[in-house]
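Q: Read off the chains here:
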Amino acid sequence: MADTVARLAGTTSSRAQATSRRRGLTSWQDRLAGVIMGGPALIVFIAMFLIPMVLAVVLSFTDWNGYSLHFDFIGLDNYAKAFKNPRTIDAAAFTAVIAVAGTILCNGIGLGVAALIAGNGRGNTVLRTIFFYPYIISALIIGFLWSAILSPQGAINSLLTQFGVSPLPFLTDVTFAKVSVILTIVWSHFGFNMILYLAGIKSVPAEYYEAATVDGASRWQQFKSITVPLIAPVVTVNLVLTLVGLLKAYDIILALTDGGPAASTQTIVYQILRDSFAHANLGFGAAQSIVLLVVTAVIGLAVTFARRGADQKASES
Amino acid sequence: MTISTETTGPSIAGEVYLADVRRKPRRSGRRRGPGAASERTPLAVTVVKWVLLSLLALIMLVPMYILVISAFKPQADIVLHPLLITPDMFTFDYLWNAITSEKFNVVGAYGITLLFVALVNFFCIVLSAPVAYVIARGRTRWHVALLVVFVSGLFIPGQVTLIPVVFVLRVLGLINTIPGFILFETAATLPVTIFLFSAYLRTIPRDIDEAAALDGASRMRAFWSCIFPIMRPVVATIIVLNSIGVWNDFVSPQIILGPGSGIYTVTTGVYAAVGEYSTDYTVLFPTLLLAIAPAVVFFIIMQRHIIGGLAAGATKG
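For the protein sequence lines, the chains are A and B, in the order given.
Per this note's numbering, residue 1 is the first one in the first sequence, and the count goes up by one each step.
Per this note's numbering, residue 1 is the first one in the second sequence, and the count goes up by one each step.
Just so you know, the hints here were simulated from the structure itself, not pulled from any lab data.
A couple of the hints might just be wrong.
As the list claims (entries may be wrong) - Counterexamples of contact, computed for chain A against chain B with all Cβ distances above 10 Å:
hint	residue
1	Asp-90
2	Val-100
3	Lys-178
4	Asp-251
Unchecked claim - To give an idea of the chain B side of the interface with chain A (calculated C-beta under 10 Å), a few residues:
hint	residue
5	Val-79
6	Ile-85
7	Thr-86
8	Pro-87
9	Met-89
10	Phe-92
11	Ser-128
12	Val-144
13	Gly-262
Stated by the list, open to error - Result set (BS3-like, lysine-lysine): computed pairs, CA atoms no more than 25 Å apart in a straight line:
hint	chain 1	residue 1	chain 2	residue 2
14	A	Lys-202	A	Lys-84
15	B	Lys-103	A	Lys-202
16	A	Lys-248	A	Lys-81
17	A	Lys-248	A	Lys-84
18	B	Lys-49	A	Lys-224
19	A	Lys-224	A	Lys-81
In this text, a Cβ means the ideal position worked out from N, Cα and C, and glycines have one as well.
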């Protein structure tokens, strides 16, 4: 295999050399073409990713307010503040709860539903659409919709009252509000996980299931012993994407609870944006976002590392 | 294979069971095949499965149903009869109010957002495709390094770069302007796009490049007229991903364009229109309906591509 590739590469490159010699092309012309084709994207990337990344680190040591071009360096004060500020700590704790609970629920429901509707029937196709559609709607709008349904005079409480049950404080009680936020996120997000799991399940060769059926394995045994181990890489991708995505939860909370009641549903990104812009303290916001970046990277790498064994097994079989 | 140990145990019992079932479908004249396993599942399990799936489908659909019918009802009826709509409560007044609202100019917001979607898609593809081609065809470690640099952008959350990007755009004089916003949004799409494009281009044989070169086409020309047309499937995936991303983005337009610029996308327009009035349902529901209508229509028409594109984008990324 590798031998063939090497041979192919050898012949193509010698052929390419022959062509360029015939056309009188020198390698600097080829290189110039490469620079012209790659340069613009690289410049945009440097301007909007690399320079801002370096700036984020620099700004996190300053008291920049966001509009003036003047600021002072204040050392590690912003970081010290971030780790001492009770608001930031509460927000970080709730963000962690969202990320963990949300990841478990989104992936549990997403994988379960995917396994149930993996067939090609018409009913399954319709269900797939129904479970997935909230994903294409902006999180902000999902938040507003559920805030209207869960509010004190919203649809659910109106129905509860009509059935003689006292209304529930979905968005006005601290614990209820936290649960409401997490369930709304799960409602809008598990369909995306389901789609990825469906793609994974469909890539498992049908012969495996046929063989297992002949051997008398039940559907549950097949799911546990064939599907889950073979789609291990898809599980890893799902876990990383959901965890990292939920650490950034913001839009949906802004619309659903606006961080309330009593600041109980504020997330870390909510804090970052509020401190940076409403409170005109971009230096402090930058420090918190650097912490978020490090935490995100560590979690992403940790999950990938922890799943390495399962991923390898899947690619070997 | 990992499954063999699990399946040898129950195989004898299973064969007996299977032999019993095999006769049944033949007698009843039902087709066997992929559905063979489901024919073995007891009726009770099937019933539970469909009851669960139907319940979940209901939970997914009822909020959308409430959103649609409430857009055509007065406040009192929305609160008292959340699930009903009768001819005597039906009215177009509130929808019309939302369309003509001075706070949220829907037609303007649709136009601006569509323009942003088109521009980001255009610049994203024009910038990414050539650089992905250079990376895919390159043989030196510089090309690998280039890919690593771009792909590293995948791990940087938008919220982290957003704060310093405000600084960069302020220095460039592009803050609160459309070019500034397009620049940031386009840059945000580069990592995924370049990654998917170069992975796809590696599967396209070099022979096509050489044939074009023999015909005397320059490298640039060869790429745009011979290679790029073959990239249609992956370009479609990227357009789907970008369009959903830009249409639903809230934080970047809110911060880069800012309320001061007077430019509202659909999401920032909704926020401006209902942010403070979220208890007035006759404003909230019609506005939300207007905001989601184009996205839902786009989803219904492009469903297959959207779901396929997301699955491809995420599992390869």
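Q: If any of the earlier hints don't hold here, list their numbers in rising order.
A: 4, 6, 7, 8, 9, 10, 12, 13, 14, 15, 19
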